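Number of protein chains: 4
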Amino acid sequence: MIDFQSILTSINKAASKEKDRGKIADYIPELAKIDLENFGIHLIDTQQNTYSAGNSDEKFSIQSISKVLSLSMALGLIGEKLWERVDVEPSGDPFNHLSLLELENGIPRNPLINPGAIVIADILVSQLEHPKEEFLAFVQNIANDDTIAYDVDVAKSEKRTGFRNFAAANLLKSYGNLNNDVDVVLDFYFHQCSLSMSCAQLTNTFYMFMNHGKCRRNNTFLTTTQVKRINAIMLTCGFYDEAGEFAFEVGLPGKSGVGGGIVAFLPNKFCVATWSPGLNPKGNSKLGMLALEKLTTETELSIF
Amino acid sequence: MIDFQSILTSINKAASKEKDRGKIADYIPELAKIDLENFGIHLIDTQQNTYSAGNSDEKFSIQSISKVLSLSMALGLIGEKLWERVDVEPSGDPFNHLSLLELENGIPRNPLINPGAIVIADILVSQLEHPKEEFLAFVQNIANDDTIAYDVDVAKSEKRTGFRNFAAANLLKSYGNLNNDVDVVLDFYFHQCSLSMSCAQLTNTFYMFMNHGKCRRNNTFLTTTQVKRINAIMLTCGFYDEAGEFAFEVGLPGKSGVGGGIVAFLPNKFCVATWSPGLNPKGNSKLGMLALEKLTTETELSIF
Amino acid sequence: MIDFQSILTSINKAASKEKDRGKIADYIPELAKIDLENFGIHLIDTQQNTYSAGNSDEKFSIQSISKVLSLSMALGLIGEKLWERVDVEPSGDPFNHLSLLELENGIPRNPLINPGAIVIADILVSQLEHPKEEFLAFVQNIANDDTIAYDVDVAKSEKRTGFRNFAAANLLKSYGNLNNDVDVVLDFYFHQCSLSMSCAQLTNTFYMFMNHGKCRRNNTFLTTTQVKRINAIMLTCGFYDEAGEFAFEVGLPGKSGVGGGIVAFLPNKFCVATWSPGLNPKGNSKLGMLALEKLTTETELSIF
Amino acid sequence: MIDFQSILTSINKAASKEKDRGKIADYIPELAKIDLENFGIHLIDTQQNTYSAGNSDEKFSIQSISKVLSLSMALGLIGEKLWERVDVEPSGDPFNHLSLLELENGIPRNPLINPGAIVIADILVSQLEHPKEEFLAFVQNIANDDTIAYDVDVAKSEKRTGFRNFAAANLLKSYGNLNNDVDVVLDFYFHQCSLSMSCAQLTNTFYMFMNHGKCRRNNTFLTTTQVKRINAIMLTCGFYDEAGEFAFEVGLPGKSGVGGGIVAFLPNKFCVATWSPGLNPKGNSKLGMLALEKLTTETELSIF
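Going down the list, the sequences are from chains A, B, C and D.
Going by full-length UniProt numbering, the first residue of the first sequence is number 1, and it counts up by one from there.
Going by full-length UniProt numbering, the first residue of the second sequence is number 1, and it counts up by one from there.
Going by full-length UniProt numbering, the first residue of the third sequence is number 1, and it counts up by one from there.
Going by full-length UniProt numbering, the first residue of the fourth sequence is number 1, and it counts up by one from there.
Hints may be right or wrong, so weigh each one.
Simulated pairs of lysine to any residue, SDA-like, Cα-Cα distance not exceeding 25 Å [stated by the list, open to error]:
{"hint": "1", "chain 1": "C", "residue 1": "Lys156", "chain 2": "A", "residue 2": "Ser174"}
{"hint": "2", "chain 1": "D", "residue 1": "Lys294", "chain 2": "C", "residue 2": "Thr223"}
{"hint": "3", "chain 1": "B", "residue 1": "Lys13", "chain 2": "B", "residue 2": "Thr299"}
{"hint": "4", "chain 1": "D", "residue 1": "Lys81", "chain 2": "D", "residue 2": "Thr224"}
{"hint": "5", "chain 1": "D", "residue 1": "Lys159", "chain 2": "D", "residue 2": "Pro29"}
{"hint": "6", "chain 1": "A", "residue 1": "Lys159", "chain 2": "C", "residue 2": "Thr161"}
{"hint": "7", "chain 1": "C", "residue 1": "Lys282", "chain 2": "D", "residue 2": "Lys294"}
Cβ-to-Cβ under 8 Å is the rule here; a few derived chain D residues that face chain B [said to hold, decoys possible]:
{"hint": "8", "residue": "Arg164"}
{"hint": "9", "residue": "Asn170"}
{"hint": "10", "residue": "Leu301"}
What the hints contain is simulated information worked out from the structure, not anything from laboratory work.
Values in this document were obtained by computation on a predicted structure and should not be read as measured data.
Note that the Cβ used here is the ideal one computed from N, Cα and C, for glycine as well.
Taking the hints into account, I'd like the entire structure generated from these sequences.
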């Protein structure tokens, strides 16, 4: 029997001593205000036992982690035809994403890079009457937690400075892979990314991905095949240009965000979330990566 | 309890009826002679029960599948410093590999694309006194089968026509990432790729990757961490530009070769190999991919 | 003494018989309405003798040809420091321009590709109090013709559909190489490109580039060095991905536009403009290219 | 009347005082031995008056300048069908050439980048019975100077270290754009590049390019159209990734080599060669570029 609590406690202790904590993302002004000293970790197992250490209840901006949730909702709404508009291959691109978009005629490489997630946002805007409200309700429902909310200041901050996302959306539009107005799609997208959650809430939300599509209350949102596919995409594409490195060092499917959050899980075993706002040069939480590597090395648990 | 034999029988039956069997790789003249009608499948579980259907005992050229074996031997010999000369990220490159090599100053993206495997070959040539003999002995030892051999005609055939590999090796040399002579390294590399095995032999050889580094006779060749890493690389990089698609559809780590072989496995459960020489447009065995997708869909077994 | 009139007449006759006239640019809806049968040519020499054939007085949208004029005005206003924000190398890019922009950190390759021209537009918007009015006055002044005007319908049409330009402008903004609002800069840019001129008016406008910076009335707008530089850029970058081909076949500096216009000149000798709305696959006027090749081959006049 | 001699004297004086003289190409060991202090300049006009300053009679390795000569010989031998195997567009590639070769299926962008020149070498190897002897005779004939010779030590030095050229040749071979053995073609190519000339000999050799194809003895080697084309290629592609900059600053067609030589000319006026072995970061002679810029600025002579 693995003593998760003592491992988490030890991870938190190591993290508190770490001097090189990475660099906070400053391109979204609202995120630049966060204190670099934060660190939290929370784990839930299949029996719904929970373990935690550090600031595991403090909320932060989940940013790109939300892309897994919008993808799940869109897949539930329109099914497999979603894959006509976005591919499932790792991007493998060390410097940018727009050039690949041009090379491949407007079909984003996968739904977890920004252009792919913008296409998913476009699908939700087309499918939903009140996209922002209905997406939030979907997330609250999965997590069984109606305190989850958007951080409107973060959304506004990104709207003012997200020129690269405006570029991507316009490029998609020029290829005919965006059906709604650029401004409408990006307003939804910036809200989606601004979702604010704690580590504990993240594990509650992602519980269903380690549990064959069933969330904590046992209701089902995705089929086993859909979960397999989304998990495969997380493993191969969930960590920007460091997806290979994460699979290699940690060996779990998961997703990171520039807010410093990471969520990862071992199917049928546990789901874990970490938060530390300092990022490594590839844009993933520096201490979060170290924490998860330590967790899988010490427990010898991974999908491999 | 899963009835593997009936599933394999049914997969073989479906394969025999398939009309569109893909296209045989014709850039290696020796491979172009193989009969497109071939199909074989073999599975071994952790109790070493075996199941098979079709031409599962016919030998074929394992080609790129050998890259996992050379990587394993090199990792055993020089350990983690191997990663200074080759990265672990998916290549994500739809059209070529040499341009990435240039962009990244001679460090191949991963050890399973050709330039990466050529660097691994260079390491073995440096480390071993009799590289070809010792590598073959290593493979025979893992598989516990000393009938495994090189197909020298295939090696010669590739030597005469493998201009792209000569280009890659010279480019690596120009970046200082090849210590031995191009001709010497490629002679080893072409022999390594010419290894000839049946589906049954392939599962015997790859048994250790699903079994934490222990082969069938229970002797250990790799640590748990090394196996985790090699398996992660197979999952993210094992299927050329279709790695994401394979993870998405099949959900198992594995490796394919242009000879039409595929080997894949579920850690702690089973290892399976298929052979059908017709390839899909991305260079992976067409019927092999379908067979493995059917296997994981029907059994609902995958790493996710 | 060269008989320009008979050469132009013969070129026009050949053009009228041509069956494969290329394809009209349909991505700007207003341009798609033009009749493919149009062909005009007009030539002015240093003594201001003029020669013409076909529809040489019919106005058309000069589109990218205007980029030479905005560059000239900007160079006059801020001088050599303009080159800190845009380079002078051919783009050499067969498939797109945005990827190069990313590779080179937001510095467009030259001022005649769209991202480069958008940076120039940004400079004019910063420098001028009433950018659209003052730029139009500058052009009228060079040409000594105050009937030259914007085609507001074309400008509006492009504003509604120019998503790729919106993408480029936002990408420039993300790199800090656009000081004004994207919408303001592109409103100016779309007007600039919508300038409407006949072949005759085009040669009057570009007279100064073959005449060391002096326009027809002998007033000077650019120094000899500035003219040398702008002419060099026209030669190496004036014909999209066909700049090498144009230098090779025609051997004159010049500039083309998707409206089907081309203007070219031999310093100290003549300036010539052609118009035929059908484009070749590289986006240059098909009959215009043929006409100019015929002109330089028959006269044996080129810069080489 | 321009006083060329006093301009050349003043250029030489300025060069002798220059402290930052660039960096000698060290990737060819033989070239690394040259003294950085060297500077020479030589000019010949259409009346065959000559002017010179500095070490204008010292021989150096002309390297890539030879590509114009092999192109001229090949064009004379097989005519326009040469362009089926090599394009005429600037490469515009800031980091490499091999990736473009892959993107464009083995057709080099132009005959002055290495892969293009290797294709030209392949043509000469196919067309000539004794390629090295006959090419040398062709050059001696153009220059009317049978003292011109290969520097065999330089050729050998490059053969030992030219891995990037071996990579390019093998890649061309893999695309079917190389008919002879890689080793045979590169042996010719390395000799061609090792041609040794002084500034004076270079201007004698390139005299015909400023004189409509007629060399100093008035015999004709190329038609006016062929000269126009080769000159156009020199202007758009003659200076690696700095072709635009050279046209912009100097405004003459020409060609540079990593040995530190540059030859350039104004059709019907003069031909000039400079030599200074220190290169700027783009691989062109630093003092040579400055000298030619000064020459065209002071004389106000350029093709524009």
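How the hints compare with the structure:
1. C:Lys156 to A:Ser174: The hint holds at about 17 Å.
2. D:Lys294 to C:Thr223: holds, 17 Å
3. B:Lys13 to B:Thr299: It holds: about 17 Å lies between the C-alpha atoms, which stays within 25 Å.
4. D:Lys81 to D:Thr224: holds, 18 Å
5. D:Lys159 to D:Pro29: holds, 11 Å
6. A:Lys159 to C:Thr161: holds, 22 Å
7. C:Lys282 to D:Lys294: Violated. C:Lys282 to D:Lys294 sits at ~37 Å, over the 25 Å cutoff.
8. Arg164: holds, 4 Å
9. Asn170: The hint holds - D:Asn170 has a Cβ within 8 Å of chain B, the shortest such distance being about 4 Å.
10. Leu301: Result: violated, 39 Å to nearest chain B Cβ.
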